[in-house]
Amino acid sequence: AAGVIQSPRHLIKEKRETATLKCYPIPRHDTVYWYQQGPGQDPQFLISFYEKMQSDKGSIPDRFSAQQFSDYHSELNMSSLELGDSALYFCASSPGSAGEQYFGPGTRLTVT
Amino acid sequence: SQQGEEDPQALSIQEGENATMNCSYKTSINNLQWYRQNSGRGLVHLILIRSNEREKHSGRLRVTLDTSKKSSSLLITASRAADTASYFCATVRYSGGGADGLTFGKGTHLIIQP
Chain D
1 AAGVIQSPRH
11 LIKEKRETAT
21 LKCYPIPRHD
31 TVYWYQQGPG
41 QDPQFLISFY
51 EKMQSDKGSI
61 PDRFSAQQFS
71 DYHSELNMSS
81 LELGDSALYF
91 CASSPGSAGE
101 QYFGPGTRLT
111 VT
Chain C
1001 SQQGEEDPQA
1011 LSIQEGENAT
1021 MNCSYKTSIN
1031 NLQWYRQNSG
1041 RGLVHLILIR
1051 SNEREKHSGR
1061 LRVTLDTSKK
1071 SSSLLITASR
1081 AADTASYFCA
1091 TVRYSGGGAD
1101 GLTFGKGTHL
1111 IIQP
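First to last, the protein sequences are chains D and C. Using the numbering used here, you'd call the opening residue of the first sequence number 1 and step up by one each time. Using the numbering used here, you'd call the opening residue of the second sequence number 1001 and step up by one each time.
Chain C on its own, in the form it takes in the complex:
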């Protein structure tokens, strides 16, 4: 299966609740990134966590990385209706030539019910 599998595929919660999304990957990584995409729009970079980091915070976002399990989680606290979007994890391909493309997971579609 593809690098960067995410679960759940869809998540619907009430505004104010916390949302947790998980991502698994297969190869060794130097970093893992999370992106957000509003329906049919561009991808917005949220946060990058390096392989030697276990946890990172940015505002209401908390990302964890477990390299032994090759997995990461994204927690959004105190969710808002504006957080409704698809969330993707991504890892770098490392072709050896630089300017390496990203491999994205399948994404979690998050719906925040007002």
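Bound conformation, chain D alone:
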């Protein structure tokens, strides 16, 4: 069965650079969620989209923005990167706004 696809899987950036993470949900899933997991930490919810509209917003820094496109894929844009942004970034998708969330393998971002 198709799963959530995230790209890239690994990304190394320097401080103050920008990064774009991509998420391709499971086919026919219209809802996407983004989470950040620091080393040894629990995942923290950042933001979600349902039918291409922002739905719920968590602890997403103002330096980050995200959107969901017409094909339901989503991108998380991160600017002015800081060392503390080094983390695993997970995308999850669900069928509808209240369905079970299926997580992707994550993108490991390292900021040097």
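Simulated from the structure, these hints should not be mistaken for laboratory data. Check the hints yourself; a few may be wrong.
[Said to hold, decoys possible] No farther apart than 30 Å at their CA atoms in a straight line, the calculated lysine-lysine pairs in the DSSO-like style are these:
| hint | chain 1 | residue 1 | chain 2 | residue 2 |
| --- | --- | --- | --- | --- |
| 1 | D | 57 | D | 22 |
| 2 | C | 1106 | C | 1026 |
| 3 | D | 13 | C | 1106 |
| 4 | C | 1069 | D | 57 |
| 5 | D | 57 | C | 1026 |
| 6 | C | 1106 | D | 22 |
| 7 | D | 22 | D | 52 |
| 8 | D | 57 | C | 1106 |
| 9 | C | 1069 | D | 52 |
| 10 | C | 1106 | D | 15 |
Position chain C against the provided structure of chain D, taking the given hints into account.
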């Protein structure tokens, strides 16, 4: 402190033994979910228990929910080396707008000694 606190933070047992992990939460919930995460990998959904359920089974997993104490437990019976992972409980945020994010607990790191 954060919604969904778990204890113990780390648990090491022998293969074949049972492992019990606990989770506490603060707000009212409609359901509580448990996830597993192998080191540095994605989160895998294990089981969901609704607020009107007290116990639920799935294979070697048994989850209980006590809404009066705002707590849940995950029991893994007859543990195997492959069960070595971190286990998180999660509750839905309920922002009112739908597509609500999950609030995860701190997680229990389970090590099964062969």
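Status of each hint after checking the structure:
1. 57(D) <-> 22(D): 18 Å, holds
2. 1106(C) <-> 1026(C): 14 Å, holds
3. 13(D) <-> 1106(C): Holds, at roughly 28 Å.
4. 1069(C) <-> 57(D): 28 Å, holds
5. 57(D) <-> 1026(C): OK: residue 57(D) and residue 1026(C) at ~20 Å, within 30 Å.
6. 1106(C) <-> 22(D): With Cα atoms ~26 Å apart, residue 1106(C) and residue 22(D) stay inside 30 Å; holds.
7. 22(D) <-> 52(D): 15 Å, holds
8. 57(D) <-> 1106(C): The given pair, whose Cα atoms are some 20 Å apart, holds under the 30 Å limit.
9. 1069(C) <-> 52(D): Outside the cut-off at roughly 38 Å; violated.
10. 1106(C) <-> 15(D): It holds: about 28 Å lies between the C-alpha atoms, which stays within 30 Å.
The structure is inconsistent with hint 9 alone, although it conforms to all the rest.
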